[in-house]
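Residue numbering for the sequence shown is 1 to 449, as defined by this note's numbering.
Possibly wrong hints are sitting among the right ones.
To be verified - Computed cross-link-like contacts, BS3-like style, restricted to lysine-lysine with a CA-CA straight-line distance of at most 27 Å:
| id | residue 1 | residue 2 |
| --- | --- | --- |
| 1 | K172 | K146 |
| 2 | K146 | K252 |
| 3 | K252 | K299 |
| 4 | K252 | K194 |
| 5 | K132 | K94 |
| 6 | K355 | K132 |
| 7 | K146 | K132 |
| 8 | K246 | K193 |
| 9 | K285 | K146 |
| 10 | K285 | K355 |
| 11 | K434 | K132 |
As the list claims (entries may be wrong) - Restraint ranges, calculated between C-beta atoms of paired labels, are given here:
| id | residue 1 | residue 2 | range |
| --- | --- | --- | --- |
| 12 | E192 | I64 | 49 to 57 Å |
| 13 | P174 | K355 | 16 to 24 Å |
| 14 | Y181 | R414 | 29 to 37 Å |
| 15 | T386 | R54 | 17 to 25 Å |
| 16 | A216 | R54 | 45 to 53 Å |
| 17 | A351 | L171 | 34 to 42 Å |
| 18 | E279 | L86 | 29 to 37 Å |
| 19 | V196 | M353 | 47 to 55 Å |
| 20 | V199 | L86 | 56 to 64 Å |
| 21 | V199 | F67 | 38 to 46 Å |
| 22 | K398 | K172 | 32 to 40 Å |
None of these hints come from the bench; they were simulated from the model. Glycine residues also receive a C-beta, built at the ideal position from the N, C-alpha and C atoms.
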Amino acid sequence: MLSRKLDEIVVYDSTTRTHEFNGLPATSLGLFSSAFPNALDSSKDNYTTWDLFRIHCFRVVLTIAIFLYMRLYNIHEFITNFFELLGIFTLDYKYQLLHHKKERERNFIFDLANDFVSNWEVIFKIPSLLWKTFRPGGDTPVGLNKCLEYIPKTNTPDSICLVLHCAPPMLKPPPKIPQPYLDSDRTIVIPEKKDVQYVIAIRNEYFTQCKSHIAAERVRLLREIGRFITWCCLVPTITELTIYEKSGNCWKENEDFTNSMKNAILVELVAMANTCNPEELRKFKSVMPKITLVNKFTKERYTVTDDEVNSARDGRDQENIAEEIISGYLDQRTLVVYLCDQSTRTVNFQALMTKADTLTPESEIFSEEFPPIPDLVVGCMNMSHTRNQLEGYACIEKTANVQNMAVVYFSHLRFGFSFFSRALYHYSLEQPFKFPKKNDSDEDEHDIG
């Protein structure tokens, strides 16, 4: 029997000296670890072999339970995604069926033949619809018409919120700088200069890597923001877009963030325009809105069409393309983009509470401090796992008399056009099917094939 009092000595250190496993380390079997003593009964002074064996059995059972849970979770996710894709296919097919249905008088004798003749195009489009729906993902489609094929034709939201996540640097913290100390003889021991310089070099390298990581994350977030705004421009119903990032790296504590944001948007607009043929380019200009950026913390507004934006890059003549796109902004809808971070929930709320005595439900200060509740809130997968947190995002109704219900969708897909398309389809499936009116101006832009 093993009877030994454990104070601060790890069981692994006390047992591996016996070499009981003949070269097989105990950690391979999960018998011992640095957290193993935490599972022991703290009321005991002495532990037996049975105590250790019982805890090990519990660890094995817990490992098996977690494994089975993750397998069942993966099966659940697969079934959920399959039925969601099936719903997307049904929605597209229903729209195609109603879109190609002709107004005619019903004939009692030739009813079946007339239905087949009028719907033959839809029937032969079933394979293409199945491939479009169940294909294994992909990047942004090339060309405007290809992009519109993956956007729902009905039940699209009027406002949308994108929750972004800035990944923190996953680096081991540097050691502390050695400091003078007193030994047992009360003598001041000064660390060697060589050791201090070595630690300082390690700390400098650590902070340099942290800054490089933050800069890389900021570039990634700017690109994702520009791409998402460009995709939202293709949906005629979207008039409000909220970009929420908890730390606000792209627009907080950065004097040049205005040009960075505008240029990131224009680069993606130019990239989209470069994939269009002349006919698609004219259509792209006709659906393009006027983009206005609103910082909810500083209350400043910026317009992407300002003259201070420099859209010339890489020696290419992108300025002419950008001006050609922007020239179609006049008499078009306005896409308002709200930029929000954690300060909206903390600082703006505190500023609101200082005026609580004079506030009424109809006060305009609520809409000035907080973004409106969107119809759809979306988040994509980051760092190989699904994000299912709003990370402090706060919003409020536009008016006190009307309450909005937002659809929240956290996707298992990484950021990309497939994620954007799936989020719009998820919202469309949550709403009752409504066929667009014939006099809608966006029917031609959303015609498949």
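Taking the hints in turn, this is what the structure says about them:
no., hint, verdict
1, K172 with K146, "violated (45 Å)"
2, K146 with K252, "violated (36 Å)"
3, K252 with K299, "holds (13 Å)"
4, K252 with K194, "violated (39 Å)"
5, K132 with K94, "holds (15 Å)"
6, K355 with K132, "violated (53 Å)"
7, K146 with K132, "holds (11 Å)"
8, K246 with K193, "violated (41 Å)"
9, K285 with K146, "holds (16 Å)"
10, K285 with K355, "violated (45 Å)"
11, K434 with K132, "holds (22 Å)"
12, E192 with I64: 49 to 57 Å, "holds (52 Å)"
13, P174 with K355: 16 to 24 Å, "violated (45 Å)"
14, Y181 with R414: 29 to 37 Å, "violated (50 Å)"
15, T386 with R54: 17 to 25 Å, "violated (36 Å)"
16, A216 with R54: 45 to 53 Å, "holds (48 Å)"
17, A351 with L171: 34 to 42 Å, "holds (36 Å)"
18, E279 with L86: 29 to 37 Å, "holds (34 Å)"
19, V196 with M353: 47 to 55 Å, "holds (48 Å)"
20, V199 with L86: 56 to 64 Å, "holds (59 Å)"
21, V199 with F67: 38 to 46 Å, "holds (42 Å)"
22, K398 with K172: 32 to 40 Å, "violated (47 Å)"
Checked against the numbered hints above, the structure breaks hints 1, 2, 4, 6, 8, 10, 13, 14, 15 and 22 and satisfies the rest.
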